[in-house]
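> Here is what each chain is made of, one letter per residue.
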Amino acid sequence: MNFPNIYNIKDYRLLAVVPLALLAIAVMFIPNIKLGVEFSGGTLISLDLEEKIADVSQLKTALEADGLKADLKLYDTTAGQRLEIELPQSNDLIAAEKLRAEFDSLLPRVSTLEVEAQQNESKKSEYKAEYEKAESMVKEMYAIAGLKYEKQENASVNQLDKNIRSAYKEVYAKYEKSIITPIDKNIKYKNISIKTVSPLLSASFIETALKVALVSAILSSLFVFLSFRTFIPSIAVITGAFCDIIIALGAMGFFGIPLTLASFAALLMIVGFSLDTDILLTSRMIKQKGDPREKAYDSMKTGLTMSIMAIISFGTLFALASITHISTYYEISSVALAGLVGDMFATWGINAVILLWYVEGKR
Amino acid sequence: MLKAKGEKMNLLKDNKFLFLFAIFLMFAAAIVYWSAYSGIIEIFSIIIFGAFSLLWKEKHIKIAGLAFLVLLSFVNIGANGLKFGIDFKGGTRIPVMLDQPVDDATMTKMVSIIKERAGAFGLSEVKVRAVGNNQINVEIPTSDEQRIKTIEDLLSHKGVYWGVVDGKVAISGEHIFSKSIGPMDQQSLLRSGADWGVSFMVDREGAETFAKAAKGKADYPVYMFLDRPIDADLFYTRKELRSAMLNDSGEKETLAALRSALKLDEGRTINVYILDDVFSNSSEGNITALGPRTNNTLALISKNASAEYKTKLQELGYVVKEFDDKTIKPEFMRTQTGVLLVEKLEAVGLLSSPILNVGLTNGIPVYNFAITGSVGDVPSAQKTIVAKEKMQYMESILKGGSLPVGITLGSRTTVPAALGEEFLNLSLISIAVSLLIISLAVGIRYQNIRATLPIIVISLSEFVILISILGSFTIDLAAIAGILAAIGVGIDAQIVITDELLKKDERDVEEKSNVAFQIIKTNVIVATLSMLPLLFSKIISGVVVVEIIGFAISTILGSLLGYLLSRPAYASIVEYILNIEEKEKAVKH
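Chains as they are written, first to last, in the numbering used here: chain A, 1 to 363; chain B, 1001 to 1589.
Just so you know, not all the hints are guaranteed correct.
[Unchecked claim] Within a straight-line C-alpha distance of at most 35 Å, the following computed DSBU-like cross-link-like pairs (lysine-lysine) qualify: (1) B/1212 with A/124; (2) B/1512 with A/287; (3) B/1212 with A/177.
[Unchecked claim] A few chain B residues that don't get close to chain A, going by computed Cβ distances all over 10 Å: (4) 1067; (5) 1087; (6) 1099; (7) 1248; (8) 1291; (9) 1324; (10) 1326; (11) 1422; (12) 1540.
It should be emphasised that the hints constitute simulated quantities derived from the structure, not laboratory data. In this text, a Cβ means the ideal position worked out from N, Cα and C, and glycines have one as well.
All chains, please: the whole structure from these sequences, using the hints.
This is the structure we're talking about:
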């Protein structure tokens, strides 16, 4: 199999035009990336349907009429239809969680004061002030839960703690009920799964993902520098991988692939894949003898074969995802495919061009 | 095709091969014997076989290394089976939300307590994993509504703490400020002369109740119960009781100590009976004396007691509840004044019995309490550790659920077994399909059917090895995706090797393969480095991302396996083939 050596054209820098354009488009679409429920917080409901739904938009209107405004996605699977309902983070839950945290941090102080006030008159006013603060939080929680707060005379802080906890649970219960009631009314299903990611959990996922991405980037770049020990080629390799990630992110924005833990893992893997071809190219260009353009072309033949094989692997996973609608498969395969395609442009259009310019300039 | 008959004979005389074979037998034995660690052992075997494959240059040794590893994987799968997650096996996942984010140590503790609770129901296959720092996922391999409900109840149960003084509840968990329970400060501890101490505060009602119950009861024990049954009787055989008695005490004293520990007002006393006496023919009269108070009165009895006794108790109208010997056997101690006390009796929730200090028995309400204790006779090196354990134990009793943080159960996800099975089948089919298309593509690319066969053989080997290792832990969706990715990466590396070896230039095969391996080595390190932070996210930010850990593990293992074993083996096979082709060409000429 032979195709012409693209690096033999007079000004090979022109080759960078396509990837650069792609990069520019990708950057435009990055803000469109939707955060998956793990990162944004919120609720994802999956239903295995008992009766087929003919008209999704009609169902959507019916659910909205019952107070459930949400995105609906309907899939045909081998085991019947599956409906996915995604809801944004509920403001009540966010507020309740914040209130709980505040109350918990106040609690040790008020309990100590309560005990001290029993033994020491002078502490009484201070205790009272703090107690009222705590009580107002309980009242607020009751309001969110839609419960009526009745002041209990001489209730201890322990009692307040108990009350705020039960009200907090009620907030969650009410939220779930507000989802389940309209669903039960409008949809017949065999199975339901509700995945609620609290604001706290989503925050910890975001933090972890950012840190992991940072460490991963630092480790990989350090290693690239260590193994080539020359500045420009190392920078070329890292630029190639970076452009690839940008293109993959752009594709996620364009095709509506959400950023979830699974697609995040796929992005990390793409860094590895992308560096694979970059390193292949760079090793051959700077460590082997011969005409640089020929070597670049040779590497490209190997590299493209590699990419095609990987595309086949993830293509089958993507096909599997289309049949089963397993979101983990869908997210990993589609991000990997986008990254692999992006890698072809980034490696052979950007990295190769920088290297050719560097090697030929040195001559 | 690869080995002529003559070579096969030689293998038996080849020391290196025999050595590898011996290692294989060793690992196989280890995998069968320590089946709980089979996954770890197999990962270790990759490294050992890999080291020898890198060390020894002989082609057949490299191939043998991989072959042995494949065999080892079959041994592992055959002996220990494969573990699948609920996505493939069907089952239910219940998220347990913690009331607040916790640190590592607390999380570990929570996970082990929850495991214990779910395990108490006799479900050995319950999986409990931390998700982030404020959620724990519990997975059970069942979709039976009744069983799930029972487990949910077990999980959300919060224990009730009672401190009983002389048959009266002197202090109960609801009056303790849960946030105030903590280690005693160092100075007070030193002053008290104890080895460990837990301090806590109570609210006014709690203080008043305690003052009343403890008045005049200096040197009485406070029997600390967690979830004491309110309607139950306790039954021992004489033999059981004798085996629990202290050397210097008799049956009468022992029974008296038990009775005083278990008495409680408002008809909640747990009576203690000796089965031999109750059901002996000579003392018929006793049977009328004993009997359940309600339809729900429990008869607490050892598992090992004879079935006859259990039937008789049921006939009397008891609900028989069995315990293993360790749980139902009382532990006794003697106080400094020589009084015999029950120190522990888990079957009724009696977990400790500290002695009341004189200062607390004058009837004046006290709000600050401390429970102190000594560690007993242990070597001084272990003193701090034992003291800490005892202190934490006491803290958990007072906190009443032994869970350090409150929990809420989230809504559960159920995967029906049939659906899971279908997912698994489809996943396996798609791996097969992808291998098929790849081998076709490779065939077209190199216009050589001989180049495709080794790629398929090597990829299948990698698949078997990875499935076997991951199956020792859990195969979930992410793991399958990771295995597919690893095979993809593996094929890429094989293409690098093939391209390099097929190049027509003056370099010899060894030189070419060195260049190829240089590239592959760099690739493997980069691929590993970019995924490694995900695997160690625990160290980086204290959070384990369980959802995708399988993906990280399989891609990293795939790289490692590839570099150490399957790429060298592949290169060796291709070199064999190239030699054969050259010979064929020579014949044609």
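> All hints are to be evaluated individually against the structure, with a verdict given for each.
Results of checking the hints against the structure:
1. B/1212 with A/124: This hinted pair holds, its Cα atoms lying about 25 Å apart.
2. B/1512 with A/287: The given pair, whose Cα atoms are some 13 Å apart, holds under the 35 Å limit.
3. B/1212 with A/177: violated (46 Å)
4. 1067: At about 24 Å from chain A, residue 1067 of chain B clears the 10 Å cut-off, so the statement holds.
5. 1087: Non-interface label on residue 1087 of chain B violated, nearest chain A Cβ at 8 Å vs cutoff 10 Å.
6. 1099: violated (7 Å)
7. 1248: Given that every Cβ of chain A is farther than 10 Å from that of residue 1248 of chain B, nearest at about 43 Å, it holds.
8. 1291: holds (38 Å)
9. 1324: Residue 1324 of chain B is indeed farther than 10 Å from all Cβ atoms of chain A, at 35 Å.
10. 1326: The assertion about residue 1326 of chain B holds, with a minimum of 35 Å to chain A.
11. 1422: With a cut-off of 10 Å, residue 1422 of chain B comes too close to chain A, as the shortest Cβ separation is near 6 Å.
12. 1540: violated (5 Å)
In this structure, the hints that do not hold are numbers 3, 5, 6, 11 and 12, in rising order.
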